[in-house]
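Undergrad: Sequence:
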Amino acid sequence: MKLQAVLFDLDGVIMDTAEFHYIAWKRLAEELGIAIDREFNENLKGISRMESLDTILRHGGKADDYSAEEKRDMAERKNSHYVSLLDRLKPADVYPGIRELLLALREAGIPAVVASASKNAPQILRALELSELFRFVVPPDSVPRGKPAPDLFLRGAEEVGAAPEFCIGIEDAQSGITAIKAAGMTAVGIGSEAMLKAVGADVVLPDTRRLSLEFLRGLLSA
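At position 170 of the sequence shown (counting the first as 1) the number is 170 in the UniProt record's numbering, and the numbers step up by one without a gap.
It is worth saying that the hints were derived from the structure and are not from the lab.
All residues carry an ideal CB built from backbone N, CA and C; glycine is no exception.
Heads up, some of the hints might be wrong.
With a straight-line cut-off of 20 Å between C-alpha atoms, the simulated DMTMM-like cross-links for lysine to aspartate or glutamate are [said to hold, decoys possible]:
| no. | residue 1 | residue 2 |
| --- | --- | --- |
| 1 | Lys90 | Glu129 |
| 2 | Lys2 | Glu165 |
| 3 | Lys26 | Asp65 |
| 4 | Lys62 | Glu76 |
| 5 | Lys71 | Glu51 |
| 6 | Lys62 | Glu51 |
| 7 | Lys26 | Glu100 |
| 8 | Lys2 | Glu159 |
| 9 | Lys119 | Glu51 |
| 10 | Lys119 | Asp16 |
| 11 | Lys197 | Glu42 |
| 12 | Lys119 | Asp151 |
| 13 | Lys26 | Asp73 |
| 14 | Lys90 | Glu100 |
| 15 | Lys26 | Asp37 |
| 16 | Lys119 | Glu107 |
| 17 | Lys26 | Glu70 |
| 18 | Lys2 | Glu107 |
| 19 | Lys181 | Asp202 |
| 20 | Lys181 | Glu158 |
| 21 | Lys62 | Glu30 |
| 22 | Lys62 | Glu31 |
| 23 | Lys119 | Asp73 |
| 24 | Lys2 | Glu193 |
| 25 | Lys62 | Asp37 |
| 26 | Lys71 | Asp141 |
| 27 | Lys181 | Glu165 |
| 28 | Lys181 | Glu159 |
| 29 | Lys90 | Glu30 |
| 30 | Lys181 | Asp151 |
| 31 | Lys181 | Glu193 |
| 32 | Lys2 | Glu158 |
Ranges of calculated distance between the beta carbons of each label pair, as one might list FRET restraints [unchecked claim]:
| no. | residue 1 | residue 2 | range |
| --- | --- | --- | --- |
| 33 | Glu69 | Ser221 | 47 to 55 Å |
| 34 | Ser192 | Lys2 | 24 to 32 Å |
| 35 | Asp54 | Val83 | 17 to 25 Å |
| 36 | Ser221 | Glu30 | 48 to 56 Å |
| 37 | Glu70 | Arg217 | 29 to 37 Å |
| 38 | Glu193 | Ser67 | 41 to 49 Å |
| 39 | Glu159 | Glu30 | 36 to 44 Å |
| 40 | Ala92 | Ser67 | 41 to 49 Å |
Assemble the whole structure, with the sequences as input and the hints as a guide.
TA: Written out as structure tokens, the structure reads:
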């Protein structure tokens, strides 16, 4: 089978702004009188901003304490702080092997797509000097459902004219792996083999160093 497109999550796959997200969510949670730690923060990976806020409010026993407008304001406060932290990003923050993989994909004419819940993806890619290596970045608001639904990945494949069964998705979160498999694509997990295999990852790598065009093509021909 010929590889037609590769779809990437952002945080934890291309680079790691998880610490920035954690700092921003922790600051907001403290303002609300809710304590969160790094272990709890694992629950926020791969889901949307509003879903993350709802998860924090439930954790603090305050799920019904705020109106929809108040929650939108809270989410915007968190995002403003997060965006201010993005100024620290630089090209050297790209994970090992990712830039080389993207260059190989471009050389081979295989589209690379970002399928992330992050609304800040374009800004992050500019800071990392990767924008020109991606054919399309799926706007999270352009699909009806976020991960673990397959919508982001299906939209990305559609935009570059690729059939899902000839696509590979790369994710570090369980919700993302679930979304890739629901889209009918091959799923590569980055991180914990036990955690990601449990939700259907076809292969799991401990980090991005082994990712290459040859490796990805081999998954479809196996």
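Undergrad: Each of the hints needs a verdict: does it hold here or not?
TA: Hint-by-hint comparison with the structure:
no.	hint	result
1	Lys90 - Glu129	8 Å, holds
2	Lys2 - Glu165	10 Å, holds
3	Lys26 - Asp65	19 Å, holds
4	Lys62 - Glu76	18 Å, holds
5	Lys71 - Glu51	11 Å, holds
6	Lys62 - Glu51	14 Å, holds
7	Lys26 - Glu100	34 Å, violated
8	Lys2 - Glu159	18 Å, holds
9	Lys119 - Glu51	14 Å, holds
10	Lys119 - Asp16	15 Å, holds
11	Lys197 - Glu42	17 Å, holds
12	Lys119 - Asp151	15 Å, holds
13	Lys26 - Asp73	16 Å, holds
14	Lys90 - Glu100	16 Å, holds
15	Lys26 - Asp37	8 Å, holds
16	Lys119 - Glu107	28 Å, violated
17	Lys26 - Glu70	18 Å, holds
18	Lys2 - Glu107	15 Å, holds
19	Lys181 - Asp202	9 Å, holds
20	Lys181 - Glu158	16 Å, holds
21	Lys62 - Glu30	13 Å, holds
22	Lys62 - Glu31	13 Å, holds
23	Lys119 - Asp73	16 Å, holds
24	Lys2 - Glu193	26 Å, violated
25	Lys62 - Asp37	17 Å, holds
26	Lys71 - Asp141	17 Å, holds
27	Lys181 - Glu165	10 Å, holds
28	Lys181 - Glu159	19 Å, holds
29	Lys90 - Glu30	29 Å, violated
30	Lys181 - Asp151	11 Å, holds
31	Lys181 - Glu193	16 Å, holds
32	Lys2 - Glu158	16 Å, holds
33	Glu69 - Ser221: 47 to 55 Å	52 Å, holds
34	Ser192 - Lys2: 24 to 32 Å	31 Å, holds
35	Asp54 - Val83: 17 to 25 Å	21 Å, holds
36	Ser221 - Glu30: 48 to 56 Å	51 Å, holds
37	Glu70 - Arg217: 29 to 37 Å	49 Å, violated
38	Glu193 - Ser67: 41 to 49 Å	43 Å, holds
39	Glu159 - Glu30: 36 to 44 Å	40 Å, holds
40	Ala92 - Ser67: 41 to 49 Å	43 Å, holds
Checked against the numbered hints given earlier, this structure breaks hints 7, 16, 24, 29 and 37; the rest are met.
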